[in-house]
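Colleague: Residues per chain are reported as follows:
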Amino acid sequence: MKLPYVLRLADDALILSQRLGEWTGHGPILEQDIALTNAALDHIGRARSLYQYAADLFNSLPQDEKSKAFTSVALQQIVSSGAPLTEDNLAYLRDGWDFRNVLLAERANIDWAYTVARNFFLDAFHYFYFTALVKCSDTTLSAIAEKSLKEVTYHLKWSSEWVIRLGDGTDESHSKMQEAIDETWPYTGELFQPSDYETAMQQEIGAPGLDAVRSQWIERVNAILTEATLNVPKEAWMHRGGKEGIHSEELGYMLAEMQYMQRTYPGMEW
Amino acid sequence: MIITEQQVWDWLTDVKDPEVPALSILDLGIVRRVVVEEDKVAITITPTYSGCPAMDVISISIRMALAGHGVKNVAVDMQLSPAWTTDWMTEDGKRKLKEYGIAPPNRKAFSSLGLFEEEGITCPRCDSEDTELVSRYGPTSCKALYKCNSCKEPFEHFKCH
Ligand SMILES: [Zn+2]
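So the sequences go chain by chain: E and V.
Number 151 in this note's numbering belongs to position 151 of the first sequence; there are no gaps in the numbering.
Number 1032 in this note's numbering belongs to position 32 of the second sequence; there are no gaps in the numbering.
Hint data in this document are derived by calculation from the structure and do not stem from the laboratory.
It is possible that some hints are incorrect.
Unchecked claim - Calculated pairs, BS3-like style, for lysine-lysine (alpha carbon to alpha carbon, straight line, at most 25 Å):
#1 E:K150 with V:K1159
#2 V:K1096 with V:K1072
#3 V:K1147 with E:K157
#4 E:K150 with V:K1094
#5 V:K1094 with V:K1147
#6 V:K1016 with E:K157
#7 E:K135 with E:K157
#8 V:K1094 with V:K1159
#9 V:K1096 with V:K1016
#10 V:K1016 with V:K1040
#11 V:K1098 with V:K1152
#12 V:K1152 with V:K1094
Can you make the complete structure from the sequences, with help from the hints?
Modeller: What follows is the structure, encoded as structure tokens:
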């Protein structure tokens, strides 16, 4: 159960990072273009630490469990050759249904307001989640959470300020920000719906309880949206599935682009 | 050849941060441990930021610096916890940063969520306190962009972390 749990954390980081990377060269002004790519770099750094750990966990599984873990032919070939998997194998050679990131992380950028809304909801989640994960009994995860918390704190400042700047800005920026918040909201519920492996890890290593994280998250989101003169969305039907590998079409396009090089030219390096 | 830990620490002063070459990795405070066992040297460093691309370059630079002193058997390990903070930067390092034109981190790092905060960063060129945040993010993970309202020059601030 620890492997899917670590992959879930890693996949959130990788997929969000890739989305932010799409802004490179397209930001509304140079400084904000740089801001998003800087944040993307922090997320990719966290993803690397987590994938390295996931690879270690995978490589210590018995052979029959290894061959059942992932469906992709490229990974199956490496496993049957007896070679250990690396962080890169996990990022570039898994198929979409083996990714466990939340749907919110793979949401398309759409425009600046949508990007800010998605980042704000995720940054606030990561902030409270990592604060709690630091206290878990797994020393590797605790160290990664401690390191990431400092970076995520900075991300949350950035996205909170943009929610306020746009919400409490012009009529046009206000209505665009409100629309982005309303349309992104139905993707936030999944963050707090525990999967089997999250529940198991709560027991086993003291991973964060999602109810507790949710109440802190709601409080923070309410405070920022109120400051931004935006309405807090009402209870809504919530999308889910990402944690179990059921993704939106958008993930497929992203993986096709991200994984193309390693799938076509295996082991290629810069 | 007999190597002492003190020698290794001395040699490490020649290893510079590739993104801020005014600083050695000792000024930055990222070297956690040096252990010498006969001809083997093990060095533990800590990343400034999780995705900092300079860390790979720094690992290579450490090996090259020690190779220059005839030490071939070098292991460089990365340790995440306790997380690096700008409080570990030496006073000498902060002075060198300012001379290099980058405003050094100026307070004890903490995880406050204060928004739109004014940090009171001093211009590294004219020492004016009348400065303004341009962007929380700069050309590298560790820096933010400011401008000075007195001398009108833009400058980088090594942000508190
Ligand atoms: Zn000045």
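Colleague: The structure should be examined with respect to each hint, and the outcome stated for every one.
Modeller: Okay, the hints, checked on the actual structure:
1. E:K150 with V:K1159: This hinted pair holds, its Cα atoms lying about 12 Å apart.
2. V:K1096 with V:K1072: The hint is violated at about 31 Å.
3. V:K1147 with E:K157: holds, 20 Å
4. E:K150 with V:K1094: holds, 21 Å
5. V:K1094 with V:K1147: holds, 19 Å
6. V:K1016 with E:K157: Violated, at about 31 Å.
7. E:K135 with E:K157: holds, 23 Å
8. V:K1094 with V:K1159: holds, 12 Å
9. V:K1096 with V:K1016: holds, 12 Å
10. V:K1016 with V:K1040: holds, 22 Å
11. V:K1098 with V:K1152: holds, 17 Å
12. V:K1152 with V:K1094: holds, 23 Å
Checked against the numbered hints given earlier, the structure breaks hints 2, 6 and satisfies all the rest.
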